[in-house]
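Student: Same order as they appear, the protein sequences are chains A and B. Take the first sequence: its letter number 146 is residue 146 in the numbering used here, and every next letter is one higher. Take the second sequence: its letter number 143 is residue 143 in the numbering used here, and every next letter is one higher.
Simulated from the structure, these hints should not be mistaken for laboratory data. Heads up, the beta-carbon is just placed ideally off N, CA and C, and yes, glycines get one too. Warning: the hint list may mix true and false statements.
Claimed, not checked - Just a few of them, taken from the derived set where beta-carbon distance is under 10 Å, the chain A residues facing chain B:
1) Arg17
2) Ile18
3) Met25
4) Gly29
5) Glu32
6) Val33
7) Leu39
8) Asp88
9) Thr92
10) Gly190
11) Glu192
12) Arg294
13) Tyr313
14) Leu316
As the list claims (entries may be wrong) - To list a few chain B residues with every Cβ distance to chain A over 12 Å, as calculated:
15) Arg51
16) Ala64
17) Pro72
18) Thr82
19) Asp86
20) Thr93
21) Pro102
22) Val182
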Amino acid sequence: MKHLLSTDGLTAADAIRILDTAEEMAVVGEREVKKLPALRGRTVVNLFFEDSTRTRISFEAAAKRLSADVINFAAKGSSVSKGESLKDTAQTLEAMSADAVVIRHWASGAPARLAASDWIDAAVINAGDGTHEHPTQALLDAFTLRRHWSRIAGRTSLGEDLSGLRIAIVGDVLHSRVARSNLWLLTTLGAEVTLVAPPTLLPVGIESWPCKVSFDLDEVLATHPSAIMMLRVQGERMNAAFFPSTREYARTWGFDDERLAALEASPAKDTIIMHPGPMNRGLEISSAAADSSRSTVLDQVRNGVSVRMAVLYLLLSGDDSAQPTPAQEARV
Amino acid sequence: MSVPSPGSGGSVFRTVLGDADIDRALTRIAHEIIEANKGSEDLVLLGIPRRGYPLAQRLAAKIARTDPAADPERMVGRLDVTMFRDDLRRHPTRPPGPTRLPPAGIDNKVVVLVDDVLYSGRTIRAALDAIVDIGRPRIVRLAVLVDRGHRELPIRADHVGKNLPTSSAEKVRVRISEVDAVDEVVIEGPA
């Protein structure tokens, strides 16, 4: 594995290897000295063409804990706003001998373009591209789920997959790269996924996805899923009226106080409420639900650092130069 | 010692320690550790995966047999050194293994590192670095089942099961029943 571009196509064995490695990284995060020398002398560039809080600082913390040097690059305030192309930006980074590029881009497929090109030799890690994929988010969600449910079962989580778990992913599936990455990864790991959304916020061709689809949140909640993953309503990507009003959305599709009360009254005492952040409190999730003991929002952020450490370590530490990359061939 | 037997690929195997030899060597090391430490107080045995860890468990059991005050469960830990190695970039990626410390930690303890073979000394160098990141022991000692020489760093063992003079063309295979279903030390050399 040289790049991490998507969870579609990631094998269960590779995913479990990342999660198991993340488990060891999490142990390091609890120590007094939260640092490992594994990536000393390596350079990781955070290349962010789109705003981000969690993902960028999470990748930065992960790279620093592995002793890598980190260069943060935001499109705002750089030559990208003067019209520099992705190719020229990439070649600039190559000239600075970056070993890994963590890229977030508003265009779906930008990381894949970068990885397939001969512009740069570095490992490419997709940190969210358009409405395509956000693989490290899915991995940290899987990690959070695996930890929670193995703890309930009294088992160690090492080597486990997610078989037997039923996950409801609720909300703006149409614009959500998180939903897509999670769907591929969670089903690869053996979980059963149900997408819950208004028909206007489901993509065309959803019939071919390996999941159930429901239009009724309460009906799905009544089946007591293992986890309910609320998606952010992505107002910035909405160029049409997808639902009548925010209030109606919150009533019909949001995890509000009434649904929280119903869940508390139900026998599903271990069901967790997940959200990738940033949250629209009062829209897709109520404040009471976001701050309840079932909410794993902050665990997800904490686990994000461990999972990203695992990804960086597995992609960068070894020498997999057996097959020359296009950039190396181009230089010959 | 047994007669050399031809192996595959034209190499020759020579068994230098059998299960009884290994057991005697470990018993002696256990006694040496207690003697050097004047008892089992503050003693922590950190096994280096994979084969150092079961060896550390066996040593702890032997120490507990001599000193009833010792609790073998709370004395043993495992120390994964993968991420501290100096040859990470020369090999394909290796996922790290678990590091598990005894509940009381290693601060101000007498830590005995346990490994199967001492060769270049680079694994022990990595282990010393790993220890620095998890605490500050009072003393760090080293116990190995086999010392085969050819050190590349100024490192030596405090307790050695068997000194095996070898050529660097030979390979020393330590097999431990917990991992390999058999207890033996074999030298594999060119025919």
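Student: Hints first: check each against the structure and report whether it holds.
Tutor: Status of the hints after comparison with the structure:
1. Arg17: For A/Arg17, the interface hint holds, since the closest Cβ of chain B sits about 6 Å away, which is under 10 Å.
2. Ile18: holds (9 Å)
3. Met25: Check passed: Cβ of A/Met25 comes within 8 Å of chain B, closer than 10 Å.
4. Gly29: violated (12 Å)
5. Glu32: This hint holds: A/Glu32 lies near chain B, its Cβ roughly 8 Å from the closest one there, short of 10 Å.
6. Val33: Since chain B brings a Cβ to about 4 Å from A/Val33, closer than 10 Å, the hint holds.
7. Leu39: holds (9 Å)
8. Asp88: Hint violated; A/Asp88 Cβ to chain B Cβ min 29 Å, cut 10 Å.
9. Thr92: Interface hint status for A/Thr92: violated (25 Å vs cutoff 10 Å).
10. Gly190: It is violated, given that the least Cβ distance between A/Gly190 and chain B is near 21 Å, above 10 Å.
11. Glu192: violated (28 Å)
12. Arg294: A/Arg294 check fails; min Cβ-Cβ to chain B is 29 Å, beyond 10 Å.
13. Tyr313: holds (7 Å)
14. Leu316: holds (8 Å)
15. Arg51: holds (19 Å)
16. Ala64: holds (25 Å)
17. Pro72: holds (21 Å)
18. Thr82: Since the minimum Cβ distance to chain A is about 8 Å, B/Thr82 lies within 12 Å and the statement is violated.
19. Asp86: Check fails; 9 Å does not lie beyond 12 Å.
20. Thr93: Check fails; 3 Å does not lie beyond 12 Å.
21. Pro102: At about 14 Å from chain A, B/Pro102 clears the 12 Å cut-off, so the statement holds.
22. Val182: holds (25 Å)
The structure shown violates the earlier hints numbered 4, 8, 9, 10, 11, 12, 18, 19, 20.
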